[in-house]
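In the order they appear, the protein sequences are chains A and B.
Residue numbering for the first sequence follows the UniProt record's numbering, beginning at 1 and increasing consecutively.
Residue numbering for the second sequence follows the UniProt record's numbering, beginning at 1 and increasing consecutively.
Rather than coming from a laboratory, the hints here were simulated on the basis of the structure.
Everything numeric in this text was worked out from a predicted model, so none of it was measured.
Backbone N, C-alpha and C define an ideal beta-carbon position, used for all residues, glycine too.
Hints may be right or wrong, so weigh each one.
Claimed, not checked - Facing chain B, a subset of chain A residues (Cβ under 7 Å, in silico):
1) S71
2) T76
3) P150
4) A153
5) D154
6) Y159
7) L226
8) H245
9) I273
10) E276
11) T278
12) Q281
13) N443
14) D447
15) N481
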Amino acid sequence: MNWKKWFLLLTFVFVFSIFLTACGSGDDDATENTDGENGAGEEQDTDEQDADKQDADEQVLSINIKSEPPSLHPGTSTDTTSSAVLDQVFEGLTRVNQEGNPEPAMADEIDISNDGLIYTFKIREDAKWTNGDPVTAGDFEYAWKWVLDPENADTDYAYQLYPIKGAEDAKENEGSLDDVGITVEDDHTLVVELEQPTDYFLELTAFHTYYPVNESVVEGNDKWALDVSEDYVSNGPFKLVSWDHKDKIVIEKNEDYWDADTVKLETINMQMIDDEATALQMYENGELDWVGDPIDKIPLAAIPAMKDSGELHISDRAGLYYYTLNHDDELFANKNIRKAFALSINRQGIVENISKGEQKPAMALVPPSMFPESETGYFKDNDVELAKEHLAKGLEELGLDKLPKVKLSYNTDEEHAAIAQAIQDMWKKNLEVDVELNNEEWNVYLDSLSEGNYQIGRIGWIADFNDAINFLELFETVGGNNYTNWESKDYQELLKASRGELDSDKRMEILKEAEELYMEELPIAPVYFYTFVYAYKDHVKGIEVSPVGSFQLKWGYIEVE
Amino acid sequence: MVKYVFKRIGYIVISLFFIVTITFFLMRLAPGGPFASERKLPPKIEEQMNEIYGLNDPIHVQYIDYLTRVAKWDFGPSFKYVGQSVNDIIGRSFPYSLILGLEAIFLALAVGVLLGVVAAIYHNKFGDYMAMVIAVLGISVPSFILATILQYVFALKLQLFPIAKFDSFAHSILPGIALAATPLAFIARLMRSSMLDVLNSDYIKTAKAKGLTKRVTIYRHGIRNAILPVVSYLGPLVVTILTGSFIIEKIFAIPGLGNEFVESVTNRDYTVIMGTTVFFSVLLLVSILIVDIIYSFIDPRIKLTRKEGDQ
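Only chain B is shown next, with the shape it has when bound in the complex:
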């Protein structure tokens, strides 16, 4: 197990190296620079700025400098926000994205699994149709449309929640729902089909024949087995939530990292582009690793270490 984890961490480091390299060069290939603006700078001043920010050094020197700094987890100063370091920017924005993301994942999992189970139990009955209508809506309505509708109905008309910002728990509910909708719907459908599979299997029949109550059958034997595909979906889910959050953050005026990530590209804020990319990559790679490890716990049929044992 430990050996497996170390091996995976090794892969993560190698992937990171490629991510940093590719992003670095792609970014520098893009036209424009951090000091471009509608109002052009006098050429000499632009030259001085390039010099101070080290943009005049040969590209390979800049690349190696950057690699060493990333290795020390120092992303340098932002070009756009004078004097603020990229580490500070990530440090202050990430908590917002994290809370929003966790809330969305929690919502998507809890409601999605519930809907899926209900749909499977009441297969081809009203409950099933109801749950699946919700799921289809969730998948087909883009999150930014849902966000605007939620804002209009629940905040502006019904006055139940604040329209935007992220000052309290009440503020987090609407963006959480908007962000959770699509994965929720996906989980519901996933759960429904795997639950239907399980409910038709022999051991459920055995359980019923033994005279176990419906509740025990479903809880102990049904959901437990049916939830496996959902767990394996958790990895990609983290990706969806993190990359999907920027539009929600924009609509709800949440000072999160997703927004920063997208804006930095428009601004050609080189250090912020690199910093957020590296940070997100680490986050994603690690979360995928964690899901894999969790998976091995849940499903006894999967043994991470067996491979080594066999060889």
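Isolated chain A (complex conformation):
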């Protein structure tokens, strides 16, 4: 009859034995779990003391990378979380510096031929892998060709390599990898031949798809990038020390890095905290040194208070938030109707009252970081008068008395919904049109857009590198990321001309002309240019967020009082 007591006792023992084993195993596989152990018995005060002590004698930075990086293999990674880690542990031929420009990194000498087609990179003699091997031109060739090999799965970002001659053919049209314009002249000389002159090629070589991998370690070992092991060999300012999946990544300074004297941070803790509010609380509590963009986000509700207290930093981001208009739709095939809709949006109001991150009202396509003139744009914000004129003209052309009901679609999200409601109201007031709101789950939404199953749809575009072609190219042909179903011969001609132009200034003029043409046609209704919104502790110095969102910790340091 005493079995019940036994049962209770058993439950007790079971529960606590699990705790004990859990704590025990934590010590085993995490190389440095000291913070965790402090937290165990003692209270938060000790943690804070710890933090103070660390500031004094150690260069430790704690940031939040939000989620598990899907891939820490430079060739298969496609997202910002992964690149936030990869940018610190790997290094390409160039690296984006604090001013946002590419500077020589693994290559110490870069020679560009007069026609802009041949790039010769001299790789530093003192460039080393973390296992001591020298970084060679062959490592770059191997890494790039691995990505271009159609046999290799998950190489989604291969198209980043397409400016290289023969790359697209090798990946998509059964061309030979040997015909790709990558030549290793000797261990320290890499010659790259391009398809056509590419003004921004040195920005590309700083991108993670262009990172090298150590051929001798990686060859025949497709699991090398799955965990921290002696096979995880990198060449950047930091090296990967521990990777607790979905939990935390720790990187430490790489003493063998060629520019190790510049690197001051000793340890960087990268926490994976998905919940924005939780991350903010940890920041306020001193457990994180950085919160918000480019990897995490500050909750919308917390922005006004943080702005008032002066701790918020806001910087430009090369990205556009816009409504794409479907040209297969009878209504939006009409240019005047499109203009009427685009002109009657009060962007300033949206930016001030809804998104609140000092975003810039967009009356242009290319962000101000590429075209400074875009600050003012091609038309006046909230120009209701002109909108009404265009509306009258458009209705006449279509033979309508009144606008029919239109449908505005967006993917489920607090901010998108609020903006859509505001715009619904503006259009109702200014154009007397009934707007039906339609929100869909992200994947479903992307499907609807691709199938052209929408009238007006919310979307955004963030540049990979700081060049106007990034935005203009988007609408070159129908399909891909151009959901508008709009294309124009003249526009295509202009983009083509820009590609052949070697003179930077002239090229900019041509691109500018293309933007003008685009804004005259107005296949989309631009809303605002994104900004980065973030906060960091006063002792954090030397970390800049570039407009394209590369997060360079190489130059960061903790100021010791």
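Given the structure of chain A, go ahead and fit chain B onto it with the hints provided.
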């Protein structure tokens, strides 16, 4: 008994088959795919990826392939986390959810039963009102609100516990409480009403008349009989805890399986969706079986094998 258990296991296998089938086809009916993203892939590359991951095969071939793999307990590679297998993902996340879940169940049971008993003994007195106010609060405040409040008060303001993460026992207390609150309140109410029932029954009167002390009456005769409904609630409780944990895991940044389960659907990470679904189903079916078996031990009036004996 053994026969009963085998029969139940048979049912479990059949239920699993239906779960796998239904999930598989529902999942494939949902729009979008694992490679959809804001930044569209060149069509040829997407085609190559589909080919490599076997998404180009006819659906029935994929289905049969999948069934055979599930039978071998191999859920395949994740689409989103390059190179990681679903088995690895489950293996590394489940311990967190398990510890959190067990702690919550333990808390809910211990405190819930205590509150219920106190409320019943001090029926319509201060103790009763106090316990029931706690219970009503526990039921009506959603766990994610409670979690945020706990975080703010006990971690940020009072600095008693860490805000988030799951590195030590101290880290597990706040999420444990947040997750336990609702079932705790439910158990307290359940316990109170069944305890009141028992306390009014004849054998308690007999015990009192015999001159047994209040303590002995309540412990030996009261709680023992009153706890039965709570035990039968254990099965559904496991379900509540497992499916309810994802939001707590998100708020406290715990790398558990609940979070993975929900995220995989948003990502259309087919293999992870299937893997976690099958895993949770097995867990739930087995835990319900275990509760049924325990129940037969506790309550002599329930005989699992009697049915067979009668027929």
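So, going through the hints one by one against the coordinates:
1. S71: 4 Å, holds
2. T76: 5 Å, holds
3. P150: 6 Å, holds
4. A153: Interface hint status for A:A153: holds (4 Å vs cutoff 7 Å).
5. D154: 5 Å, holds
6. Y159: 5 Å, holds
7. L226: Given a least distance of 5 Å, the restraint on A:L226 holds.
8. H245: 6 Å, holds
9. I273: 4 Å, holds
10. E276: 10 Å, violated
11. T278: This interface hint holds because 5 Å falls under the 7 Å limit.
12. Q281: 5 Å, holds
13. N443: Nearest chain B Cβ about 3 Å off; hint holds.
14. D447: 4 Å, holds
15. N481: 5 Å, holds
Going through the hint list in order, the structure does not satisfy hint 10, though it satisfies all others.
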